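> Which chain is which? The protein sequence lines are V and Y, in order.
Last residue of the first sequence: 274 (the numbering used here), numbering continuous.
Last residue of the second sequence: 1274 (the numbering used here), numbering continuous.
FYI, nobody ran anything at the bench for these hints, they're computed from the structure.
Treat the hints loosely; a few may be bogus.
Computed spacing ranges between beta-carbons, pair by pair [what the hints assert, rightly or not]:
1. V:Gly59 x Y:Asp1236: 31 to 41 Å
2. V:Arg14 x Y:Ala1069: 27 to 37 Å
3. V:Gly59 x Y:Asp1225: 26 to 36 Å
4. V:Asp164 x Y:Pro1140: 20 to 30 Å
5. V:Asp164 x Y:Arg1057: 16 to 26 Å
6. Y:Ala1053 x V:His56: 32 to 42 Å
7. Y:Leu1229 x V:Ala117: 20 to 30 Å
For clarity, every value in this text was computed on a predicted model and none was experimentally measured.
Just so you know, even glycine gets a beta-carbon here, dropped at the ideal spot from N, CA and C.
There are 2 protein chains.
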Amino acid sequence: MDETRLSLIDGEARALLGVHDRGLMYGDGVFRTIRVRDGRPLWWADQLGKLAADAHRLGIAMPEPALWARDVDRLLAQAPAECVLKLVLTRGPATRGYRPVPASPPTRIVMVSPMPAQIEAVAARGARLHLCRLRLAEQPALAGIKHLNRLENVLAAAEFDPQDYDEGLLLDTAGRVVGGVRSNLFVYRAGRLRTPRLERCGVAGVARARLLALAARLKLPVCEDDIGLEEVLEADELWLSNSLIRLWPVSRLGSRLWQPSHLAYSLRAQMDDD
Amino acid sequence: MDETRLSLIDGEARALLGVHDRGLMYGDGVFRTIRVRDGRPLWWADQLGKLAADAHRLGIAMPEPALWARDVDRLLAQAPAECVLKLVLTRGPATRGYRPVPASPPTRIVMVSPMPAQIEAVAARGARLHLCRLRLAEQPALAGIKHLNRLENVLAAAEFDPQDYDEGLLLDTAGRVVGGVRSNLFVYRAGRLRTPRLERCGVAGVARARLLALAARLKLPVCEDDIGLEEVLEADELWLSNSLIRLWPVSRLGSRLWQPSHLAYSLRAQMDDD
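Model the full structure from these sequences, guided by the hints.
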């Protein structure tokens, strides 16, 4: 067995899903990507809370937290101490066209995969950002949710070579900055922290929420707002966040260069406290 | 075995797909829904051509037509003579984040499911349309493609009870008419046929292309254009198209009523000629 690719489906050790599942047919589901450190899933309560909130927005029944916890305990007992945990919740196999079948049981998937290399190396040198040509569509009904409809992210990620760039920067169709392809963005300038509002598109990640809360505790002024590309280029510092990287300082966007700062690394270290 | 739910994955009689497949993880794939009549898939060349065109737009490798044909022959030999055939093509199991792995093999799925009831009954009495509250996002990079990111359709279909309505009418965020939740829309007025342009959102279906071609052969003036809701309400006739229903005349939208016409049924019958 490949211990880096373990999975449970509805609590059973399986790696195969019914082909009629709405997760495959329509991308009708939500997911979470979670860092596992020393065998423990980090930010667990936040992650499960976000999964429940996203499921609620789509009207997908959320399994009991105890079921998720039992699955995760079982899987992590066989997994490397440092790995990536993925929770997937789909609306299940009941399909008669697009319309959801009321009160049908969802599908609960827990997966483990290897921790990507380079996370710490990029944190140390700073991330190189590619400005994506793809613009994110504005869909308030899905904005903020980490759902399984991720073709925009796939197309954006295909735009750049990971040898040259560590992340892509996404704008919406109106030219507002939304965030990274797989991360949220923070703009730091003159002692103030700003991050894009995510009511029209983008994913409101758990790391973003934790960084906002941490900044508030540190009395750092924070604001969610509409942010343009000029503001990004005029930033004193630019940071990316997600649950795996926690925080990456950005070192380059086009010809604009930044030096990673002590503040960035201090915040990054404090985000690690679970 | 449930003969109404047969499936082949990469040519093997299987109903289970690897949980790491990008079709599930990201909705990273395309599909086709095909009417089977007397054991034959209708509009086969058009369907396969559209699947290839959609796959090309997403950069997914298209398997040889002969492979699809062999799968379909095998499956239909065991299936009811009247059923629904679904072809699904995903970017395959190779995943290391959103970025597609170049030259990785796709996953080829062929499925059979029962023909929905009521198609002929609705055709006879006319379809009752619900005006959906959900507005379609404008994403030119995905517009026209029948891809696996269908959460907008799921949310729109959840808005209405199929006891009361046969289809939902979708507008985009700017208020332009796009089409039905699972169909394309045609507006007929004063001898002229118009259908929404689909460069910003929506799916450009095979039935739509066939109806446009048929109208052109019949010297009926046809035009793809921006269409507003007022124009829909002022139509002499309103038609919906997809590969299963072929053409449904619309009988009701809000308080506006229409009578199904001879023209609609004549076109519907001619669409059936393969």
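> Do the beta carbons of alanine 1053 of chain Y and histidine 56 of chain V sit within 32 to 42 Å of each other?
37 Å, holds
> Kindly confirm whether 20 to 30 Å is satisfied by the beta carbon distance between aspartate 164 of chain V and proline 1140 of chain Y.
26 Å, holds
> Indicate whether the distance between the beta carbons of glycine 59 of chain V and aspartate 1236 of chain Y respects the range 31 to 41 Å.
38 Å, holds
> Cβ-Cβ distance between aspartate 164 of chain V and arginine 1057 of chain Y: within 16 to 26 Å?
25 Å, holds
> Return holds or violated for the Cβ distance of leucine 1229 of chain Y and alanine 117 of chain V against the range 20 to 30 Å.
53 Å, violated
> Taking the Cβ atom of glycine 59 of chain V and the Cβ atom of aspartate 1225 of chain Y, is their distance within the range 26 to 36 Å?
35 Å, holds
> Is the distance from the Cβ of arginine 14 of chain V to the Cβ of alanine 1069 of chain Y consistent with 27 to 37 Å?
32 Å, holds
Hint 7 alone, counting from the list given before, is not met by this structure.
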